[in-house]
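Novice: Let the hints inform the model, and build the full structure from the sequences given.
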Amino acid sequence: MARAALMDFDEALERFEPVIGLEVHVELNTKTKMFSSAPNPANDEFHGAEPNTLVAPVDMGLPGSLPAVNGTAVRYSISLGLALGCGIAPSSRFARKNYFYPDLGKNYQISQYDEPIAFEGSVEVELENGRTFEVAIERAHMEEDAGKLTHVGSTGRIHGAEYSLVDYNRAGVPLVEIVTKPIVGAGADAPALARAYVATIRDIVLSLGISEARMERGNLRCDANVSLRPKGQERFGTRTETKNVNSMRSVERAVRYEIQRQAAILADGGTITQETRHWHEDTGTTSPGRPKSDADDYRYFPEPDLLPVEPDPAVIEELRAALPEPPAARRRRLKAEWGFTDLEFQDVANGGLLNEVAATVEAGATPAAARKWWTGELTRIANAQGADAAGLAEPAHVAELAALVDEGTLTDRLARQVLEGVIAGEGSPREIVDTRGLAVVSDDGALIAAIDQALAAQPDVLAKIRDGKVQAAGAVIGAVMKAMQGKADAARVRELVLERAAADN
Amino acid sequence: MSEISAEQVAHLANLARIALTEEEIEHLTTELGQIMQAVEKVSEVATPDVVPTSHPIPLHNPLREDVPTDVLSVEQALSGAPEHDGTRFVVSAILGEEQ
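First to last, the sequence lines map onto chains A and B.
Under my numbering, think of the first position of the first sequence as 1, with each following residue one higher.
Under my numbering, think of the first position of the second sequence as 1, with each following residue one higher.
No lab work stands behind these hints, which were simulated from the structure alone.
All values derive from a computational prediction rather than experimental measurement.
Each residue gets a CB set at the ideal place from its N, CA and C atoms; glycine is no exception.
Do not take every clue at face value.
Label-pair distances were calculated between CB atoms; the ranges are [unchecked claim]:
#	chain 1	residue 1	chain 2	residue 2	range
1	A	Ala328	B	Val67	30 to 38 angstroms
2	A	Gly391	B	Ser92	39 to 47 angstroms
3	B	Val67	A	Ala384	42 to 50 angstroms
Derived list of chain B stretches under chain A, where covered just means 3 residues or more per stretch with a C-beta under 8 angstroms from a C-beta of chain A [what the hints assert, rightly or not]:
#	region
4	60-68
5	86-92
Specialist: Right under this line is the structure:
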């Protein structure tokens, strides 16, 4: 559908109420897979392995192989369920979801169906504009990821494919699928809420340490269900499901796009087809995939190769006691501790830099300095590189840099040069100051020599200063800074120039 | 009583990439039909007061330690494949999509 066939977002919201439902898949970072002892590529240690090198017979569905449940994956799933405020089932079982597709060699995916491990929870989500929502969780269940298909053909896309290449490294990676209940009442905030929800899930799994949570690697994937109903109507409209949206920003854009697209169709008297849709990052649009109905027949049945999971209640309570602070509560606490204004705090939070700033403060920087470096220079460099500021530098290095500025070893300008070195991996800030020789020249003698030289070239400056034109000092300061290759404290140079003017008077 | 049709058997065989002759389809249609009938006997005894049973033996929780072990070599992994490119399996054009 062309952009022109979209209804203006505000108009769509005036006429219709959006209802969204979100399914988030989290790849757990256990050492091994869900049902085999093959190394798990969703763990940083094994990421990027060559195709089909992390494969056990179970992952390929070879005859005679039998699955064995990863105990750590079960514990991680329970922790995640608890963090989402869910109840943990005393007994839950696995089920086979049957489908014919070569991404799983068994022709079925082991999942959970009628007895998920976690159910009925709720999570507090804070939007970038400060509004908060309670999102109700329907269930969180354990399953396995599928292999990776690469379609090769004239167009490189699925439908023109001549053949497909299969890599089973990802087959069997432990997944938890988190399903929300329908989210009603977000109105125009629905797209932002979808994004903030995924961000909250990311924060939760990172704080639990159970996933690498890198969306660009597919560690965290979101399917967004969107439907519209005329205002005042009780019954939900027909929904579409946009699959595998791979960044926070795309989640927001995809929901917004579907609201506008569906509104245009409904306003025109049309009907929405219940279907799976694909998100296209480049055009910012969705396109129809396969038709989907609730009657999709996956012929679920209990997995006969696995016994029910019945976690020890004592273990559940242990995991509950070890839960980290919920993201929303943590944000409130940090904002108070740091003494930031709403705007300053949102700057940090919306930049995804809470953990970085917190770690930098922990490493000894003041909150103000930590915020300044992360939302300033580091964000600027990240934007120029098209990367995330988070992860660009070690928080400890940023704290050290702030300390070097504080103690007068570096000016802000020199510190930015040192930061470049830090990002380039040249070492810690102190090491870079030494190897690059970047420390501020604090020897007044050297500065005075440079000032004399500058004054000799611009003899009228002192007279101007004495006449009250203090800004004339700027020309000398500039010349001195240049002569010192920037390694001087401009404020100190200014003091010395003014002293000279006063002394010679 | 459920009936299995020859078309259903042919469809499943195609999905599973199993080549069947007409005779084999006919043979399997009869056999699968008989199996279905045998399984359907369960519904005669499964009255509403009988709880569906998926695991008749009261066992649970055989959890595995999260310790990596040896995996197949690429050569081993690919050894049973009709076609591969040395690192990955080659399968015929897919008209569906990932689940």
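Novice: Of the numbered hints stated earlier in the document, which are not met by this structure?
Specialist: Of the numbered hints given earlier, the structure breaks none, since each of them holds.
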